[in-house]
Amino acid sequence: MSFVEVLPQILAPFKGVKGVALEEYFTSGHRTCQGCESALVMKLMIKAAGDRTIVLGSTGCMYVANTTYYTTPWVVPWMHTQLGSSGSAALGTAAALKALMRKGKMKSEPINVIAFCGDGGGADMGLSAISATLTHRDYNCLILMYDNESYANTDIQLSGSTPYGAYTTFSPAGKVKRIMHKRWKKNMAGMMAAGHPECRYVATVCPTYAVDMMNRVRKALTLGGPTFIHSLDPCPKGWDYDPMYSHELGEMAIKCGIFPLYEVEDGKLSYYGQTKYLVEGRTKRLPVREYLNRQGRFAHFLEEDIEYFQAKVDEMWEKWLLPGVLPLTKE
Amino acid sequence: MRADTLVIPQETEALISGCEAIAQACKLADVDVITGYPIRPYDTVMQAIAKLISNGEFDAEYIIAESEHSQFEIVKHASAVGARVFAGSSGVGWFYAMEALAVTAGLRMPVVAIVGNRALDDPGAFGVEHNDALAVRDLGWMLTWVDTAQEALDTALMAWRLAEDRRVLLPIAIGMDGAYLTHSQVLVKVPSQEMVEQFLPPYDRAELQLHPDNPITVAPQVNEDWLIEIRKQSDEAMKRAKSLIPDVYADFHRTFGRGESPWFEEYMMEDAEIALLGQGTIAMPLKVAVRQLRAQGQKVGVVRLKWLRPFPTEELRATLSKVKAVGVIDRDYSFGSPFHAGVLATEMRSALYSLEKRPYVVSFIAGLGGREVTAENVIDMSNMTMKVAASGKADTETHWIGVRG
Chain A
1 MSFVEVLPQI LAPFKGVKGV ALEEYFTSGH RTCQGCESAL VMKLMIKAAG
51 DRTIVLGSTG CMYVANTTYY TTPWVVPWMH TQLGSSGSAA LGTAAALKAL
101 MRKGKMKSEP INVIAFCGDG GGADMGLSAI SATLTHRDYN CLILMYDNES
151 YANTDIQLSG STPYGAYTTF SPAGKVKRIM HKRWKKNMAG MMAAGHPECR
201 YVATVCPTYA VDMMNRVRKA LTLGGPTFIH SLDPCPKGWD YDPMYSHELG
251 EMAIKCGIFP LYEVEDGKLS YYGQTKYLVE GRTKRLPVRE YLNRQGRFAH
301 FLEEDIEYFQ AKVDEMWEKW LLPGVLPLTK E
Chain B
1 MRADTLVIPQ ETEALISGCE AIAQACKLAD VDVITGYPIR PYDTVMQAIA
51 KLISNGEFDA EYIIAESEHS QFEIVKHASA VGARVFAGSS GVGWFYAMEA
101 LAVTAGLRMP VVAIVGNRAL DDPGAFGVEH NDALAVRDLG WMLTWVDTAQ
151 EALDTALMAW RLAEDRRVLL PIAIGMDGAY LTHSQVLVKV PSQEMVEQFL
201 PPYDRAELQL HPDNPITVAP QVNEDWLIEI RKQSDEAMKR AKSLIPDVYA
251 DFHRTFGRGE SPWFEEYMME DAEIALLGQG TIAMPLKVAV RQLRAQGQKV
301 GVVRLKWLRP FPTEELRATL SKVKAVGVID RDYSFGSPFH AGVLATEMRS
351 ALYSLEKRPY VVSFIAGLGG REVTAENVID MSNMTMKVAA SGKADTETHW
401 IGVRG
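If you read the sequences in order, they're chains A and B. Residue 1 is where the first sequence starts when you use the working numbering, and the numbers rise one by one after that. Residue 1 is where the second sequence starts when you use the working numbering, and the numbers rise one by one after that.
Please keep in mind that the hints were generated in silico from the structure rather than gathered at the bench. This structure is a prediction, so every number in the text was calculated from the model and none was measured. Every residue, glycine too, gets a C-beta built ideally from N, C-alpha and C. Some hints here could point you the wrong way.
[What the hints assert, rightly or not] Under the rule of at most 27 Å between Cα atoms (straight-line distance), these lysine-lysine pairs were calculated in the DSS-like manner:
1) B:Lys27 with A:Lys103
2) B:Lys51 with A:Lys103
3) B:Lys287 with A:Lys107
4) A:Lys47 with A:Lys15
5) B:Lys287 with A:Lys105
6) B:Lys51 with B:Lys189
7) A:Lys105 with B:Lys51
[Claimed, not checked] Using C-beta positions, here's what the derived DEER-type ranges look like:
8) B:Ile216 with A:Gln310: 46 to 52 Å
9) A:Pro172 with B:Pro338: 57 to 63 Å
10) A:Thr135 with B:Ser337: 51 to 57 Å
11) A:Glu290 with B:Pro38: 49 to 55 Å
12) A:Met180 with B:Pro338: 43 to 49 Å
13) A:Pro172 with B:Gln47: 50 to 56 Å
14) A:Arg137 with B:Gln193: 51 to 57 Å
15) A:Thr135 with B:Asp213: 37 to 43 Å
16) A:Ala311 with B:Glu229: 55 to 61 Å
17) A:Val20 with B:Pro38: 33 to 39 Å
18) A:Thr135 with B:Lys189: 36 to 42 Å
19) B:Pro38 with A:Ala194: 23 to 29 Å
20) B:Arg258 with A:Ser28: 55 to 61 Å
21) B:Phe95 with A:Gly195: 24 to 30 Å
[Claimed, not checked] Residues of chain B placed beyond 12 Å of chain A at every Cβ, according to the derived structure:
22) Arg84
23) Lys239
24) Glu356
25) Arg371
Put together the whole structure using the sequences plus the hints.
Below you can see the structure in the form of structure tokens.
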């Protein structure tokens, strides 16, 4: 039996914004909201990956709003997968390529496989399939979770990734219960990094920092094996703010320390961007107050809610053994 | 053709179970991607495949998924890229995969699967009931039941050919009665690789293949604008499958010398006054009892139905219009259905209804949860069916056989 390992593509990092490829593989034909950061994530993700890529899209905004029959923004091959199936879609596609190339039924070449999911499809329903895929080190595939912090396509319902207290259609602030959603946001990237010792790469990204984000996608694909990227995507519809502030809110989430930017490569943790400055003490975390006040979903917050939110974020940085990454403490 | 260029058909005999026969079929069909997840009784097929792979006898991507849902999603996506695929499940495992099973049919991915039929939970039972596989009967899955390990191997080889045919492109589920067939070992003729290659062409998705050289968008949202047209296309595909199945069986028979009757097996039906009809391994007690009844001069025959989807309506009507009554034995149930019958009896009534001269349908439910259906049970059912035939009065009751009080 001949055994040809399919190696990943080698994608060198873009050197600054002027070094970014000009080709677009996510073009016109979608109908996402004005200011939609997740659509930008799609565009940047495939720009970073290039055209020798197969994209699998799990149910969610980036399926329904992007791919309505007769129009598709995808220049690369794209296929829908079920809400909880991003992990399985990536695995099945990668396994087929591997088998067909090994058996000589398809020309052997490195082909990127990227499956994306929203926070509902990833951190809720798809968790077990993503987790399984991250243990299959023989298959090259990237799972990218675009986290707009709610089931935004279906009417803004809370997910396991919705921040504490946020107003969603399943957690409206009422006359008696001001805070309906009392769960703290799931720590998805940290969980993926901690739980899958052979996964070579886990990173968090934010499309506010486009070149940083694209280079994390390129690194994930180049390292190969199953990899995972968690992107925080401000969502004008779900977060309730003027679409012109999408980038600014992403920047604030990072500067407040609510969403840390880091990567874990072969088990080695490194912070980057604004988060690196926070960790090194070169900048101070902004208070969460202004970030919360800028969004309609927190408009019902009283002083005590803001204080609670701040205290929880402080814990991430002051008590966690790996600040912002893993909620383990010494005591 | 010169004689020395002819491929000489060679088969070897092996003592194997139904599941082991399916594993041999996977190897012979050169399946590319296989996904397993443990649940009894289908899972022995995955154990057999694992041995073939670990011993270097078979080359495939063999993935143990973390759930049945993932099992079927993985093979669905592998199929879209152009890989020949296989998976399987049983009982509630098949139900756990239900969303994936629905989209596999909706997308018309030629996945071939076995269902090692098992009663659904709760309460738990390992034994056979057909309600697991029956759950996909309306979705665009082709659905067949086999009776022997030989038929399992042969049907699997035909299944890939049918499912992957450009005129069909529908998934196929092969029902195999838990324990009775999945685990019982018998002598099976295992064909040679050369013979199988003559019969089964490679899987070629052509312009439907998901690959960077062919950048298509698969399964966008179509909404009310196109959905009914796409459903109609699936309907047409199922109808084409119906017309292709006899050709595939004929070709299989030419190559391997087996499997001449595609739709159902008839036993002692030549001059029968009544027929007893069922699916799967129930054929054994039916035949044993019918031999006894024939010895007593009773004109009883057996029809063992193979394909439920597509349903052989015309063929069954031709055969059954010759009898006065047909006793339909369901190893399943459809609570609250017309006459509180099983699925098969309800389908039979529907199929025979518009015949001018139609037999009475007598509905039986037997053998649930793997309970043995004995020859005595069959004789009881035959007597009841005979009575209806003689009385000339329809019997709309559903008779549960062997239920303790």
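Find the hints from earlier in the document that the structure breaks and name them by number, from lowest to highest.
Violated: hints 3, 5, 9, 10, 14, 15, 17, 22.
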